[in-house]
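Colleague: Sequence:
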Amino acid sequence: MLNLLNTVKGHLDQGGLFDGWSVVFYRWYDDDTAADAPPTVLIRPDGGGTSDQYGQRPDVVIAAMGAVNDPVTPGDLMQAVKLYLLEHFSAPQIVNFEILGDVAGPMMSANGRPVYQLNVRCWTENL
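Per UniProt numbering, the sequence shown starts with residue 1, numbered consecutively.
Because the hints were derived from the structure by calculation, they are not lab data.
Glycine included, each C-beta is placed from N, C-alpha and C at the ideal position.
A hint or two may mislead.
Computed beta-carbon distance windows for the label pairs [unchecked claim]:
| # | residue 1 | residue 2 | range |
| --- | --- | --- | --- |
| 1 | Gln53 | Asp102 | 28 to 34 Å |
| 2 | Gln14 | Thr50 | 24 to 30 Å |
| 3 | Asp36 | His88 | 30 to 36 Å |
Sequences and hints are given; from them, build the entire structure.
Modeller: Shown next as structure tokens:
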């Protein structure tokens, strides 16, 4: 699964979307969620999706946690990610990125950091 997550990150890196953001896989750690931590993007498997004789379609969550008292920047980032994936809908070994819904958020962490997320289905070859 890490190959898929790295492919998603690499594709979004090509668009310059994560410039100035720290990127982590699978989960946020305490250092990532502290009130004074830099803005962080989480890329993790969702557990959803399907697989059959025609291919694999795993779901991936991309979430941005912004700075305290800045609910706009992470939302703008997630909207930019959505638009980028709609316009640049394939990557190496990913035939199509399917946006599963609009950007969700803001959800606020206990220390006031806003979180927005986007769920994406990755129509893959063999990753």
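Colleague: Does 30 to 36 Å hold as the CB distance between Asp36 and His88, or does it fail?
Modeller: holds, 34 Å
Colleague: Between Gln14 and Thr50, does the C-beta distance stay in 24 to 30 Å?
Modeller: With a Cβ separation near 27 Å, Gln14 and Thr50 satisfy 24 to 30 Å, so the hint holds.
Colleague: Using the C-beta atoms of Gln53 and Asp102, is the stated range 28 to 34 Å upheld?
Modeller: holds, 31 Å
In terms of the numbered hints stated before, the structure departs from none.
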